[in-house]
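Offset between the sequence shown (1-based) and our numbering: plus 223.
Hints are supplied without guarantee of correctness; some may be wrong.
To be verified - Calculated lysine to any residue pairs in the SDA-like style (CA-CA distance at most 25 Å, straight line):
(1) Lys455 to Pro470
(2) Lys572 to Ile558
(3) Lys544 to Pro253
(4) Lys312 to Gly376
(5) Lys544 to Ile558
(6) Lys541 to Ala552
(7) Lys407 to Ile427
(8) Lys469 to Gln458
(9) Lys380 to Leu401
(10) Lys541 to Phe553
(11) Lys541 to Trp417
(12) Lys380 to Leu404
(13) Lys469 to Leu292
(14) Lys380 to Thr368
(15) Lys544 to Tyr265
(16) Lys455 to Gly465
(17) Lys380 to Pro397
(18) Lys380 to Ser365
(19) Lys455 to Ile587
(20) Lys608 to Leu589
(21) Lys407 to Asn250
Honestly, the hints are just simulated from the structure, not real lab data.
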Amino acid sequence: MLGLTKRDTGLLIIVVLLCLFAPFILNPFPEGSAMAQFNAGYPDLMQRLVIFGIFAIGFNILFGLTGYLSFGHAAFLGVGSYAAIWMMKLLTMNVVPAIIISVAVAGLFSLLVGYISLRRSGIYFSILTLAFAQMSYALAYSVLTPITGGETGLQPKVSDPRILDGALAEGQSPRANLFGLDMKASHELVMGDWVFTFNAGYYIAAAIMVLAFYMSIRIFRSPFGMMLRAVKSNQQRMNYTGLNSKPYTLAAFVISGMYAGLAGGLLVAMDTQVGAERMFWTASGEVVIMTILGGAGTLIGPVLGAGLIKYMENIVSKINKTVLEQWFAFMPDGIEDLMVTLVYPFVGKGWHLTLGLVFMLVVIFLPGGLVEGGSRVGRMFRRKKTDTDTPSGKTTPAE
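Given the sequences, and given the hints that come with them, work out the whole structure.
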């Protein structure tokens, strides 16, 4: 189906179902319960889950297939965001032109950066991309302030020309839309003590992520993807055969940059506020961690890694001392204080410590990321099933 193998089709269907039923999956606990704080089914977080999933999918095309580690991919995310916001300020608040221009501009910028950076490999390539990202951040933050807004950033204003949009009504503010459908439009479904929110912006972003995921599958399974794997396996030997690997690595770099630009454009479509912080080196490091945590070189791994990190950033970071005191209130006072003291450094503002520990454990024990962990669990259950089917634990030879 759709040019995919049976296994890849099943994986695509899983991603589609996860996106469709995310409001239910991410809200497992009833409102008002002690566990409701772990619910993640609100629009802003769901949008970020799929948008950063796109960012990580694109990064995985470069790093997972070619082995080229870029520390500057946040530059393309930021460039795409600035392109999108200017399209909204000058042309229309419809998100379609903004998303298209964000992909195009990020692609052109990544072509320039990739052409220069790919003259080197290994750590030198990584440092070059980091240098480009930090230069882009510095330009956006302080030098190109008439274009980027500097420290305060950019957002649509009533006074912007927007030549394709009609005049706004009195007191109305410009809002991102898809042919009139407000990106913030939501519908709440109440089922007993559960409240599920269905947001227009989320489902638009999720549909684009599914399409981006499908395209990544086609790239992975194509002859082009095989050439990229050959680059990762042994680029020098590939060059000895007479094949020039540079066009392939540059193409992968540009495609990866366009994915980052798409994510940047979607971020603007969901929240029409752009700042230079999207181009800072920590944002580039975050997508590296997402990809490695989920499983570099796998299809669904980067999506899982992005989801885990954004969940921890938005949910685990909200757990404070008051919440911990409520959790351990049933314990004697001395033990309660001890438990709060032990757990507090790993939650709230210390959520990065928890993330660091999780990352260390994954790198040490699951080098293939969360996908490898899932595969091990699946093999374990299959082995148990086989042992159950054959009482001796051994296969019986055919008569």
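Each hint tested on the structure:
| no. | hint | result |
| --- | --- | --- |
| 1 | Lys455 to Pro470 | holds (14 Å) |
| 2 | Lys572 to Ile558 | holds (23 Å) |
| 3 | Lys544 to Pro253 | holds (22 Å) |
| 4 | Lys312 to Gly376 | holds (13 Å) |
| 5 | Lys544 to Ile558 | holds (15 Å) |
| 6 | Lys541 to Ala552 | holds (19 Å) |
| 7 | Lys407 to Ile427 | holds (11 Å) |
| 8 | Lys469 to Gln458 | holds (10 Å) |
| 9 | Lys380 to Leu401 | holds (18 Å) |
| 10 | Lys541 to Phe553 | holds (22 Å) |
| 11 | Lys541 to Trp417 | holds (21 Å) |
| 12 | Lys380 to Leu404 | holds (19 Å) |
| 13 | Lys469 to Leu292 | holds (15 Å) |
| 14 | Lys380 to Thr368 | holds (17 Å) |
| 15 | Lys544 to Tyr265 | holds (23 Å) |
| 16 | Lys455 to Gly465 | holds (16 Å) |
| 17 | Lys380 to Pro397 | holds (7 Å) |
| 18 | Lys380 to Ser365 | holds (21 Å) |
| 19 | Lys455 to Ile587 | holds (22 Å) |
| 20 | Lys608 to Leu589 | holds (24 Å) |
| 21 | Lys407 to Asn250 | holds (19 Å) |
In summary, this structure violates none of the numbered hints.
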